[in-house]
Structure formats: structure tokens, C-alpha cells
Amino acid sequence: MTELTLSRAETKSVASSIAEMRRFEILKALAIFALVAALPIIVHDVYLQNVLILTLMFAALSQSWNILGGYCGQISLGNALYFGIGAYVTSMLFVGFSITPWLGLGLGGVLAAVLAVVLGYPCFRLKGHYFSIATIVIAEIGLLLVHNWDYAGAALGIQWPVGQDGWTTLQFARNKIPYFYLALGLFVVTWFVTFFIEGSRWGYWWRAVRDNPEAARSLGVEVFRSKIAAAAVSAFFTAVGGGFYAAFVGYIDPDSVMSFRFSLLFALPAVLGGIGTLWGPAVGAAVLIPLTEILRSYAGGSGNGLDLIIYGGLVMLVALAKPDGLLSLFQLMGRGRST
Amino acid sequence: MTSAQPFLQVLASGLAMGLIYALIAVGLSLIFGLMDVVNFAHGEFLMLAMYATFGLFFETALDPIVLAPLVVAIMFVLGISVYAGVVRYAMRAKTNPGMVQIFATFGLAILIQGLAQYFFTPDYRSIPNTWLGGKTLNLGGVFLPWPQIYGGAISLATFLGLYLLISRTDFGKALEATREDQGAVALVGIDRNRIFALGWGLGAALVGLAGAVLAIFYYIHPNVGGTFALVAYVTVALGGFGSIFGALVAGIIVGVVEALTTLILPPALKSVGIFTLYLGVLFIRPSGLLGRL
Amino acid sequence: MTNESILAVRHVTRRFGGLIANSDISLEVRRGELLGLIGPNGAGKSTLFNLIAGTYAPTSGEICLDGDDITSLPDTKRCALGIARTFQVPRSFDSMSVLDNVIVGALVRRSGANQAREQALETLDFVGLATRAAAPAVELTPPEKRRLELARALATEPKLLLLDEVMTGLTPVEARKGVELIRRISDRGITIVMVEHVMEVVMPLVDRAVVLNLGKVLAQGHPKDVVRDESVIAAYLGDRHRAT
Numbered sequence: 001m002t003e004l005t006l007s008r009a010e011t012k013s014v015a016s017s018i019a020e021m022r023r024f025e026i027l028k029a030l031a032i033f034a035l036v037a038a039l040p041i042i043v044h045d046v047y048l049q050n051v052l053i054l055t056l057m058f059a060a061l062s063q064s065w066n067i068l069g070g071y072c073g074q075i076s077l078g079n080a081l082y083f084g085i086g087a088y089v090t091s092m093l094f095v096g097f098s099i100t101p102w103l104g105l106g107l108g109g110v111l112a113a114v115l116a117v118v119l120g121y122p123c124f125r126l127k128g129h130y131f132s133i134a135t136i137v138i139a140e141i142g143l144l145l146v147h148n149w150d151y152a153g154a155a156l157g158i159q160w161p162v163g164q165d166g167w168t169t170l171q172f173a174r175n176k177i178p179y180f181y182l183a184l185g186l187f188v189v190t191w192f193v194t195f196f197i198e199g200s201r202w203g204y205w206w207r208a209v210r211d212n213p214e215a216a217r218s219l220g221v222e223v224f225r226s227k228i229a230a231a232a233v234s235a236f237f238t239a240v241g242g243g244f245y246a247a248f249v250g251y252i253d254p255d256s257v258m259s260f261r262f263s264l265l266f267a268l269p270a271v272l273g274g275i276g277t278l279w280g281p282a283v284g285a286a287v288l289i290p291l292t293e294i295l296r297s298y299a300g301g302s303g304n305g306l307d308l309i310i311y312g313g314l315v316m317l318v319a320l321a322k323p324d325g326l327l328s329l330f331q332l333m334g335r336g337r338s339t
Numbered sequence: 001m002t003s004a005q006p007f008l009q010v011l012a013s014g015l016a017m018g019l020i021y022a023l024i025a026v027g028l029s030l031i032f033g034l035m036d037v038v039n040f041a042h043g044e045f046l047m048l049a050m051y052a053t054f055g056l057f058f059e060t061a062l063d064p065i066v067l068a069p070l071v072v073a074i075m076f077v078l079g080i081s082v083y084a085g086v087v088r089y090a091m092r093a094k095t096n097p098g099m100v101q102i103f104a105t106f107g108l109a110i111l112i113q114g115l116a117q118y119f120f121t122p123d124y125r126s127i128p129n130t131w132l133g134g135k136t137l138n139l140g141g142v143f144l145p146w147p148q149i150y151g152g153a154i155s156l157a158t159f160l161g162l163y164l165l166i167s168r169t170d171f172g173k174a175l176e177a178t179r180e181d182q183g184a185v186a187l188v189g190i191d192r193n194r195i196f197a198l199g200w201g202l203g204a205a206l207v208g209l210a211g212a213v214l215a216i217f218y219y220i221h222p223n224v225g226g227t228f229a230l231v232a233y234v235t236v237a238l239g240g241f242g243s244i245f246g247a248l249v250a251g252i253i254v255g256v257v258e259a260l261t262t263l264i265l266p267p268a269l270k271s272v273g274i275f276t277l278y279l280g281v282l283f284i285r286p287s288g289l290l291g292r293l
Numbered sequence: 001m002t003n004e005s006i007l008a009v010r011h012v013t014r015r016f017g018g019l020i021a022n023s024d025i026s027l028e029v030r031r032g033e034l035l036g037l038i039g040p041n042g043a044g045k046s047t048l049f050n051l052i053a054g055t056y057a058p059t060s061g062e063i064c065l066d067g068d069d070i071t072s073l074p075d076t077k078r079c080a081l082g083i084a085r086t087f088q089v090p091r092s093f094d095s096m097s098v099l100d101n102v103i104v105g106a107l108v109r110r111s112g113a114n115q116a117r118e119q120a121l122e123t124l125d126f127v128g129l130a131t132r133a134a135a136p137a138v139e140l141t142p143p144e145k146r147r148l149e150l151a152r153a154l155a156t157e158p159k160l161l162l163l164d165e166v167m168t169g170l171t172p173v174e175a176r177k178g179v180e181l182i183r184r185i186s187d188r189g190i191t192i193v194m195v196e197h198v199m200e201v202v203m204p205l206v207d208r209a210v211v212l213n214l215g216k217v218l219a220q221g222h223p224k225d226v227v228r229d230e231s232v233i234a235a236y237l238g239d240r241h242r243a244t
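Chains as they are written, first to last, in the working numbering: chain A, 1 to 339; chain B, 1 to 293; chain C, 1 to 244.
For reference, chain A alone in the conformation it holds in the complex (with noise of 0.2 Å):
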């Protein structure tokens, strides 16, 4: 036998030294979450401000669908429903009875992952590209609904009413800083909900079914009870993504927050910067969201197309050129240094 084999004590020192990795992850990811929240003391000007808080906010979206459609392999194209029952709860609660909007957050939150294991049970029989076009059907069916629904304002939607400010309300007119916060909490809520699961029994199903699930079933993978999580998870930060958006927009209705656009957009940063990795969504959240921000203001403000020009050629050559997306480039840098 020419195999090496480990000792008892070395296979625990090298299980040890992953879970030391792991440890270290966490002090990068605050360092990094750190130096993020020190970014207003720079940063003066409310447009750019705006593209900051977008950014964030779409990072944590897209790392919301990464859970179900990174980790667990489900293409959820739909994910704009969520979003959606997010901003009309958390909007009609405040508006109609003045419930405060962090109240809104959760119900909103546990509404939309309630609905995802409802929508789930039969969903999640469907295979491939099945799966991914029933979930634009349904969005697209609740966007119909919300459309025609007069309680909520049908196609005009629902403005929120100014002159409220405060922590309890979340308005803020004069001074985005607080959204920016609240954006950047969102983030490292969901990225550490993210750590925390990809260490866990759950974390390794969720890759298990997405790799290969008839494997994932001989070992005991409770399949369809893993897709339901990940799409319960899935769908409640959507959903409190998509309260605070609507708390910061201050006006939502039904194609400003439940289009299809929204379902892509929270896609694309994480297919962009690595899908089922722990700072892809993040890394393409910061090149897409500003490319966007600054295509739409200086490219596409007449309406010529040039920002749609830009945006899908480079979509289509990162998904072409960069399959495991941008972040494997910071990956093999690192491997160059390294070596």
C-alpha cells in the first residue's frame, strides 16, 4: 500500500484547522463589514449615498436567493413575490394603522416564508427549468392580483406619508445615513444566517441535493424537506428586504416592486460574482448595482438603450467567460500570491 494514512490525532488536527479557517472567516467578513460602515464618513454625496444603500440592499437580496439558488440548486425566477409581499406589508401596516415598519418587517417576512413552503409542496416536484418558469408564472400571477387588488391601491399604489421621522417609522427625508445602516445590517445579517447554515447539517444537504439528489437521498438527505427550508429562508429576508425597500422609497406600487426585473436583479449578483459562495452576491451586487446606477444616469437617460447594451453584454459574458463568477478571479489572485 502506497496510500498515506493519518493518525488518530492527525485527522483531528486537521479538523481542527478547518474549523480555525472558519473562525478566521468570521473576523475577515467583520473587518470587511467594518470598513464598510466607515464608508459615510467618506462619502458625502446623497446621489452616491444612494447607489450605497442599493447596493447593500441588493446584496442581501441576492444572497437571500443564493440560499435557495446557490446552495440548493433551485432557480427560483420568482423571488419578485416575496419582495413584493414584503413591501405591502410592511407599507399597509404603517399607512393603513400605523403600525410601525420594523412589525411590518417580520409578518411580512414570515408571511412570504409561509407562502414559500404553501407554493413549495408542489413546486418542488417540478425539475429544472420547470421549476424556474412555474416561479415566474406565480410571481406573475400575484402581480396580476396585487394589480387588481383596490384595498391596496391597485395600480397606484401606496404612498407613505411624510413628516414622520424616527428610528420607529424608519423615514428618514433629510439624511439617508440611517438606510445605509439599515441596508448594511441586512447584509451581515443574512451573510452570517448564510456562514452559520454552510457549516451546518443543513448546509452541506442543501449542496448535497443541488450536486446530485439521488445520491443525496442514498445518504439519508431529507430531499424535499431541504428544498422547503432553503426556500423558507429564501423567501423571509426577501421579504424583509423588500419592507425596507419600500420604507426607504417611501411610495411602492405593484410594478415598482413585484416586476420581473426584480426577480433578475436578484439573481444576476450573485450568478455574477459566484453563485453557492459566501461573498458572490456580495462582490456582484457592488459591480452591477453601481454599473447600473451610473449606465441609467449617464448611458440610458435618453432612452437610446445603451445601459440595456452594456449591462447584457456583460451578463452574457460573465455567464459565458466566468462561470463560477467574478469572485474566482479574487480566488485564483490569492492562489498566485500564495504559491
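Treat the hints as calculated values from the structure; they're not laboratory data. Even glycine gets a Cβ: it sits at the ideal position worked out from N, Cα and C. Mixed in with the good hints, there may be bad ones.
[As the list claims (entries may be wrong)] Chain A stretches covered by chain C per the calculated footprint, using a threshold of three residues with CB under 8 Å from any CB of chain C:
no.	stretch
1	12-25
2	189-203
3	207-214
4	221-227
[As the list claims (entries may be wrong)] Partial chain A-side listing against chain C, Cβ under 10 Å, derived:
no.	residue
5	R217
6	S218
7	G276
Model the placement of chains B and C on the given structure of chain A, informed by the hints.
For chains B and C alone, kept in the frame of chain A given last:
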């Protein structure tokens, strides 16, 4: 006038529109059946075909009916180019091949939309004074616009042609063999790449024909693809991905159910009927009406 | 090895449409035994294997593990009860590391990832893949992938291990290492049922052989007796005639 008249009217226009939906969807199903790829730029192909019809009409002043073969030829070339330039590379991905295909074709869809806006502006266009435009046939009190009748007839003829193509020609056999088992094809010595390229050409040509029909009676604008794309995906999933005749059956069902829905629900909710039906069917038969697992 | 039975298959029949893949099959597997399930192509070995693993249910008949009826339990539940399997064509989790692949198996009996990781490393060491622990599974060579399949199945700590043609496609050197590994697994007291098409590989290794032909049990017993059985020779000869 009997009380059944409005019902018959709805049924007839639903049937005609359904045949056109089937024609829009069949190319998508064909490509999927051939190589397990969903083209998320399918709606944009349709939009380009409509613009091609419009542009050729503008240049030549010929009727869209006469221009249809030319549009089909242009789209055939476009389909092959998209395969050679994009899809071929997307299929090489070792990790997440499904994901790469979805987002490569999504990126392409956005790119095509942008190009259309850039070159054609977001304005709504329509082709004036066509032979069939605005003319209606009166069948004992049931009125059917001639463009829809023409579209329905073209669709039926196309499906007949597809049937002959698949059952009678070598290309059809190769197509069928590739669908059955991609590994076996290599053994038999069929050049996979060539079959795939031809498949994309054919798929795009089919949706091109649908575009040449729609351009007669529908407004042409850069976002028109999205309107029909979702219906096409629902049609294909309902019929069963990869099934040609599933697309025909599902197209007709979608057209008729959509029309019937307008009898019950306000027009704004006309899609709710087909979406609900689609979900209902899929939850009972996860691979569609005529799909294989 | 004891005479106590760990697995009992009783009058199991499985139809696929009009085709009867397994017809009224009954057999017992004794605790600690290394049983070979052999037969020519199309004999119904794979079907029986999948019925025991729980991939699908029999049309009629029953399957018992340790005296408990498991006929209607899905594969996931059977794994929890102690049945593990490998696949004919290895099905690794390709985007995950070799170690993570095995951790998935280890998590059946452990809820914490840290304990599962130690268990997985030991198992990898046992099958001789410890040095490849950090590699992505997709980068393994075909024989390494077979070892990974074994490690993953072993990590579930099975009472009964089902091996589906694990020797197919291996070079003589690799096959010898494979045989040695299977012996070591058997020495740990794990009951093994291995399906093989090629008799030459299994016969020297197993304690007992069951020969299937045309969906029925043709012969069973000590390997030496089985290979001398007239009907078995005829079945294999017939198979060779068909093949040429």
C-alpha cells in the same frame, strides 16, 4: 343571433390566437428537446423578426405575406449565429451548466432589447395598409380577422411540415436521435455541433415566421417580445418541453382558455386563467401534457 | 459470521410495464456475510439491488431488515436504518470537496458538522483518500471516484453495504486494491452485498453467491459449488452466445 354566438365568437378567436401561440412556442420546444437548453431570448427573437418584417416592408413596400420567407431566412441565419457565437460556449461550462445557459441567454435577451432600442428607438410601429390588415371574415355572425385566420393556417401548415421533416428526412432522424440520446449520436457518427446549429436555425426560423405573422396586426416595439415570451414558456411547459405536438395542443388550449377567461374576468386578468391552468396541469403532470420525464 | 439473518427478501416481484424484472425472488443475507449477487446481463441484478436500497418499491413481496418490514420505506429512511449503497456510475457531489462529500454521509448519525468532519476524515483515511480530502470531487480519477463512493457510504455507518459493480472498469492493479479494501470493510463486521457482472472478480472474494437469471434465483451457495452448477454455466454460456 343565438345565445351561443358570443361563446362561439370567443372560441373561434381563441382558437386562431392559440394556433399562433403554438407557432411562437414550437421553436423553443424544439431547441429544448434537442439539447436541454431553454432560450430565454426567445421573445427577443420574435421581436427581431417583427422588426425585420417592418424593415423589409419599409424598404421594399412588399406585403408581409410576401416577405415572410425572407424573414424566415434571416432568422435562420440569426439562430445559427447565436448558437455558434453564444450557446456553443455556454454548453461547454463544466460547473453550473444549467445556470450558465439561463444567464447567457438572459444576457443576450437584454442585449438584443438594448440594440433594438438603440437602432429602432422605443417608438411603437405598425405596418400600414397590408393586404389582410383590418379585414374581417363573417362566418354566420362569428367574426374573425383575416390576419388571425392567415396566422392559424400558416401555423397548421408549419406543424404539418415539421411532422414531415421529422418523420421523413435524414435531418429529422438525426434530430430525433440527438433527442433520444446524445451519447449514441456520437457513436452513430452524426456531427452533434451541426445538428445543434441547424436546430437553432430552425427554432429561430419558426419564431421568425410567427413574427412575420404578428407584424401584420400587432404593434412593434423593443419590449414586445416579453409580452409573448411568458405565454410561450407556459405553452412549452404545459405541452411538455421538447414535444412538438405538445406545443400545438398546449398552444390551442392556451389560446382558447385565455379567450374564455375574458368572459368571466376583466380583460386585465385574462392571463390568470392560463397561468392557473398551467400550474394546475403541471402539479398533476410535472412534465407537461405530452412531455417525457 | 452468524446464522442470524440481517436482510430477508420474501417473494419479491417487480414489474416495469409489461416487463417482469424480478419474479418471486426470496433470499436471506446473514449478518457479517459477504454476498455476491451475480448473473448475466438483464438477469435483474440491478432491479433487485435498487429494491433493497429503496430506490423503488416492489410490485409485490416484502423486504425486512433485522426483522422489521421496510418494504414501503423510501431510500432516505433506509439509509437511516443502516443500509448504504454505491452507484454503478459514481455520483459524486462535484462542486464540493472530497471531504465535504463524505461529511454529507457522516451527517446521518451526527448533527454537528465538526464531529461529522472527524468521522469523514477517518473514513477517507480508511479507503486511502485522505491525501485528496481538500480536492474538488470533480477532479478525482475514475478509480478515486469509486473510493469516494465507498467512503461516503461507509460514513453513514451502515449495517448493510450494497455495492453496485464497484469493480467495473478498473485495471487489474486497481481491482486488486479494490478487493483488498472490500475485505477490510468486511473485516469490520459490515454485511456486504455486491452486485457484479464478471464472475471471476467476485467468486474468490465472497462467502456465498446468489445467481440470478431472467429475473429469478437460479442458484445459490458456496462460490465453488455455484460455478460448477450446470444451469449457471448454461446461463453464462447463453449470455456469451448472445453477446457475440
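Hints, one by one, checked against the model:
A count of 5 residues in the stretch 12-25 of chain A with a Cβ less than 8 Å from any Cβ of chain C is obtained; the coverage claim is therefore met, three being the minimum. Under the rule that three or more residues need a Cβ within less than 8 Å of chain C, the assignment of the stretch 189-203 of chain A holds, with 4 such residues. As drawn, the stretch 207-214 of chain A meets chain C at 6 residues by the rule of a beta-carbon pair under 8 Å; at three or more, the given contact holds. For a cut-off of 8 Å, the count of residues in the stretch 221-227 of chain A with a CB near a CB of chain C stands at 3, and the three-residue condition holds.
With a least beta-carbon distance of about 5 Å to chain C, the hint placing A:R217 at the interface is held under the 10 Å criterion. A cut of 10 Å between beta carbons decides the hint on A:S218: the least distance to chain C is about 5 Å, and the hint holds. For A:G276, the suggested interface contact is upheld, since its CB lies about 7 Å from the closest CB of chain C, less than 10 Å.
The earlier numbered hints are all upheld by this structure, with none contradicted.
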